[in-house]
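Trainee: Residue strings, one per chain:
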Amino acid sequence: MALFLLQTLVTLLWPPIKFGRVVSRTQFIGFQSILVVALTGAFTGMVLAYQLFSALSDYGSLAELGPLVALSLLREMGPVVCALMVTARAASAITAEIGIMRIREEIDALEMMGLNPFRYLVTPVVLAALICLPLLTALFSVIGIAGGYLVSVKLLGLSGGTYMGQIIEAVDMDDVMQSVYKAICFGGIIAWVSCYKGYTAEYGAAGVSRATTTSVVLCSVLILVSDYFLTSVMF
Amino acid sequence: MATIMSAEDVHKTLLGQPVLQGASIEIEEGDRIAFIGPSGAGKTVLMKHFVGLMHADKGRVTVKGEDMNKLRGRKLEALRSRFGFLFQGGALFQSLSVYDNVAFPLREKTKLKESQIRERVMSTLARLGLTGAERKYPAELSGGMAKRVALARALVRSPEILLFDEPTTGLDPIIVQSIHDLIRSVCDELGLTVVIVTHEVPNIFAIVNRVAMIDSGRVRAVATPEELWESDDPEVRRFLWSSVPPERYRLPDHEISPKAEGES
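Each protein sequence line maps, in turn, to chains A and B. Residue numbering for the first sequence follows the working numbering, beginning at 2 and increasing consecutively. Residue numbering for the second sequence follows the working numbering, beginning at 983 and increasing consecutively.
Here chain A stands alone, though its shape is the one from the complex (with noise of 0.2 Å):
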């Protein structure tokens, strides 16, 4: 895995990039994921608001409703939430994909041709997820902060300047960089992991299926993993 990561980056210093196929990447990894995690997004928001709401007013703090929901977004929810969606959306269908070229050897076919397969398969999916995941984790964020904002204004009857205030108060841009900074290691960990599993996928149907299945257990405990360790750094 690590001889895999080597040659990924002596790749991606080594030009021509397929800018074609990052595009297309890109499309498929960010585009194709802006449902699912705007979806999930939102009700984490709503869903922070909620508990967060009972437990505060308990202690009569709710100004703090705002910034706890906007904090938990910003630092931990977001990245980690949107990349666990973005593996089980776009990581197992990057490992199926490529596993499948390499037991039709279509790969095989790659290098016959002369064509380093490092170049078409695998630093396109890296491009793409260090673009893709920052830019999501944002969307994921800003769309949980206002699913909180619809909970605790509309729903709960918390004052919106309380609530938006003290967001801008607390929030600083080392929140916002701790964001994206976890983004881009975890982009990184899915592009990783899921393009050497589907590299090193075994021959037929159940070797494609078991490298599916490992891309997804592999880059969930990667991320959850490396987010302790990136958080006990940041803190």
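There's no promise every hint is true.
Simulated pairs of lysine to aspartate or glutamate, EDC-like, Cα-Cα distance not exceeding 20 Å [as the list claims (entries may be wrong)]: (1) A:K19 - B:E1096; (2) B:K1040 - B:D1214; (3) B:K1057 - A:D109; (4) B:K1118 - B:D1082; (5) A:K19 - B:D1197; (6) B:K1093 - A:D59; (7) A:K19 - B:E1090; (8) B:K1052 - A:D109; (9) A:K19 - B:D1082; (10) B:K1057 - A:E77; (11) B:K1046 - A:D173; (12) B:K1052 - A:E112.
Computed beta-carbon distance windows for the label pairs [what the hints assert, rightly or not]: (13) A:T215 - B:Q1076: 43 to 51 Å; (14) B:Q1076 - A:F236: 43 to 51 Å; (15) A:M235 - B:G1152: 55 to 63 Å; (16) A:S58 - B:Q1076: 39 to 47 Å; (17) A:M235 - B:S1021: 50 to 58 Å; (18) B:P1020 - A:V11: 38 to 46 Å; (19) B:G998 - A:A56: 18 to 26 Å; (20) B:A1121 - A:R90: 56 to 64 Å; (21) A:T214 - B:Q1098: 53 to 61 Å.
Hints were generated in silico from the structure; no laboratory data involved. Here a beta-carbon is modelled for each residue, glycine too, at the ideal position from N, C-alpha and C.
Starting from the known structure of chain A, fit chain B onto it as the hints suggest.
Mentor: Relative to chain A, chain B alone:
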């Protein structure tokens, strides 16, 4: 003639199973050689060593004097550009049309203008009887057509050496014959060195001038088709005669009768 490819005492283990166990063979320029033998004997694995798709665990594979175990990067790419490889399943890119599949290596590896690419692709498709199929996608093609498109893609960069991995597997006898005729006419026309991994015994003998019998990871015999029929090796005899119905004990221009085992 000069040796163009050779394998010396090649060993290869895949998933813990020894596949090649000391395979040795020399292929000369202009040779048309068929690799025959039981399933799992190591025919395809040996052929993939010649193009660097697999590397020997032990032993030496050379192509045009280059050691394939050491060849990497641009040198390997340059060497591979001399090969055309027809994969067992065709290995056509499913998202590309027939035209784009055939044009793909020209677009990616040459500086030809699109008009020149079009000319070359269309003439290659016409040579293989695929005119009119250029807009179809691989999923819309029959097995025989898919093989012909794969052959077109293998030929479009004018290779010197053509490798076929079971080019007729899964096709009906009439299509098998037409693919064999196509391989023969293309090779006659272009004078290529050809290696064919196949189970089509004895039909393939009409195309090739040498046959290598591979068994249990070793090259058991290399001979002309006529010599192979006369072989004293009991395994060769068992394999050959078990694949031929009694009423077809005949080769073009060379009638043959089965010998009793051990008879010389």
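Trainee: Which of the numbered hints above does this structure break?
Mentor: 2, 5, 6, 10, 11, 13, 16, 19, 20, 21
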